[in-house]
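K.L.:
Each chain, letter by letter, is given below.
Protein chains: 2
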Amino acid sequence: MTFDMRLVQRGARLRRTPFFAATQRYGARAYTVYNHMLFPINYADLEEEYWHLIRHVTLWDVAVERQVEITGPDAFAFTNLLTPRDLTRCAVGQGKYVVITAEDGGVINDPVLLRLGENHFWLALADSDVLLWARGVARHAGLRVTITEPDVSPLQVQGPKAKEVVRTLFGEGVTKLKYYWFLETSLDGIPVVVTRTGWSGEVGYEIYLRDGSRGDDLWERVMAAGKPHRIRPTGPSDIRRVEAGILNWGADMSMADNVYEAGLEWLIDVDKPADYIGREALQRVRSDGVTRKLAGIEIAGDPVPFNETKWPVSVSGGVVGQVTSAVWSPRLTRNIGYAMLPIAHTALGTTLQVDIPDIGMRQATVVTKPFVDPTKEIPKT
Amino acid sequence: MTFDMRLVQRGARLRRTPFFAATQRYGARAYTVYNHMLFPINYADLEEEYWHLIRHVTLWDVAVERQVEITGPDAFAFTNLLTPRDLTRCAVGQGKYVVITAEDGGVINDPVLLRLGENHFWLALADSDVLLWARGVARHAGLRVTITEPDVSPLQVQGPKAKEVVRTLFGEGVTKLKYYWFLETSLDGIPVVVTRTGWSGEVGYEIYLRDGSRGDDLWERVMAAGKPHRIRPTGPSDIRRVEAGILNWGADMSMADNVYEAGLEWLIDVDKPADYIGREALQRVRSDGVTRKLAGIEIAGDPVPFNETKWPVSVSGGVVGQVTSAVWSPRLTRNIGYAMLPIAHTALGTTLQVDIPDIGMRQATVVTKPFVDPTKEIPKT
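Chains G and W, in that order, give the protein sequences.
In terms of this note's numbering, the first sequence opens at residue 141 and continues consecutively.
In terms of this note's numbering, the second sequence opens at residue 141 and continues consecutively.
Possibly wrong hints are sitting among the right ones.
Same chains, same label: a pair holds when it works inside one copy or across any pair of copies.
Capping the alpha-carbon separation at 20 Å, the derived lysine to any residue pairs in SDA-like fashion look like this [stated by the list, open to error]:
id : residue 1 : residue 2
1  : K450      : H176
2  : K509      : G436
3  : K316      : R155
4  : K318      : P443
5  : K367      : P497
6  : K301      : W321
7  : K316      : A365
8  : K450      : A161
9  : K301      : E187
These are calculated hints, taken from the structure and not from any lab test.
Nothing here was measured: the structure is a model prediction, and the numbers come from that model.
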């Protein structure tokens, strides 16, 4: 079933981003809720926004990526306790994509971590209250840390012309940033952090606004700088992120899935010297192996709608797993996605049946991900 | 500004309740998102649903009140650490409205707590990830507990005929429940917990479904039992809960407000023998006093729309605070709500100015809450 729903903002419980007025002015037509905040997810047809992203440049209000800020004399030791990544390998000025892990190895969140100082970190969150998790852990940890949600609100500038836009805004220095590095700077007095990161697989940057009262000012400056490059506001593109093999926390994995099951084991530094939450469980999983795993799949036939529920996956008539994301790629001209499957059914080429609401059974095949090889040029028409 | 928004469910990230199909079938026309789950908030006009609630009986899907279940040999000691209420005064079979407090005395959540056994608790949550908070605290607490989100999904049956409905469903025993007590029972094999609780100020019960696969079965049984009493599905009534002085976490208070500022000091047992998180901070607030406080207000003039943002409150031309909830009460025929104000402006009868989007300045007055005295009969026509 595909359906639209009317969201009536119920009282003042849901927060608005510093760019909310701008998103209304530019015609955002759908919002979801993410970290207790309204999240604009499209201004036009999803395929139209997708083509604009891969051909030109797009601006996304992702202020819902709320930050957890960790400071204090023991901030490094504490932050290093939260993730299997070895943060001794993260320099000041550098970021890392990390998983925040539970004691049982489950994925609590998968933020981009920025190291702003020896003992100064930001975690740009997916949709779970890591502020509560971190404060809870700190309660008896015996480390001197301060943990807050600062006034920081990211925008994403994504697409092949993104570099030109940030060059116009911030000058040559920013264009030299290596992947996942960042600069602290300002724009006509608006304090920002600019990172070479994004959720698209395209060239992209994030501009973290550090003063919520300047949201409109920053938005209009980005739109002006992008005008020669046909910039337009869009939602994040689920088509493009699935092509790139990027996961969506809450859909593709959650606390119920450990890091290996999610296929994120490259975020575990097995030789990390320091202890971290989940280490023992993950070491056990590593030696015993997993019983299920997130696999890339292709679904045969005509375009399927972007899945709103987890579709059942069958083998020989018995339900064995679930499709976590599925979407039609207009340039690959096939349905691509992920399914959480028993390990016995994850070999490349395995044939599956997917039960799609209102459509019925479709054949699917286990394939490699990412679906778009970042080193290869694919026609953008 | 009042506006409708289209919510496009973006992928399978947002969860559906066990009653989702039923809410669709019965014509839910608006959903919000609460604890990462779709929450049906109305089927008709808010005033129409309000009148039905206070005259007849209504059925609400509040499965978004996700539970945190705490079990294990130290479950009592651990749960007692999370709240200023003294849980030695909570018997097995009894519930309590509690606050979960941060180290600084801020309100992390305000669940209904149920004690199902000596060492078996449920917390029926407002919209924050207390599962993460509790697991974080447990990490180094040295107590033997297991903390999970169980398969438990509440419905609310609220209104003057609610007692008749639960009598039909569960028999005479349930109608004898004292306020905040509960019974574990079943209905044609559907396992449930029935509590004498609710979010309306009317007579009401909650039916906690313990098997998510039976959502539709339970829903239809409640609808059938309620038919002679004109039961209908509605959203929770913000009009009725403000009349009753009930707060909405995330709007009226949050982690940024301590228990005294929120006016919830009756949830602190100052003579509690055991330690709890936030005790020191709250003792300090108690002796030093607060600098701001949530006050009841009346706003003069014609009906105002239910506030979607926190409206600025001024005194002598300077902004001093914010309206956190405001709504027109059709039977009191006045605008009622709450404002967070500096203590100097909270005396009864204080005159304020409220800046309402698209309307402009309105005069307001500090009044006592609740607005509807539960011991007095008010005409329901």
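K.L.:
Against the structure, test the hints numbered earlier, and report the numbers of the ones violated in rising order.
P.N.:
3, 4 and 5
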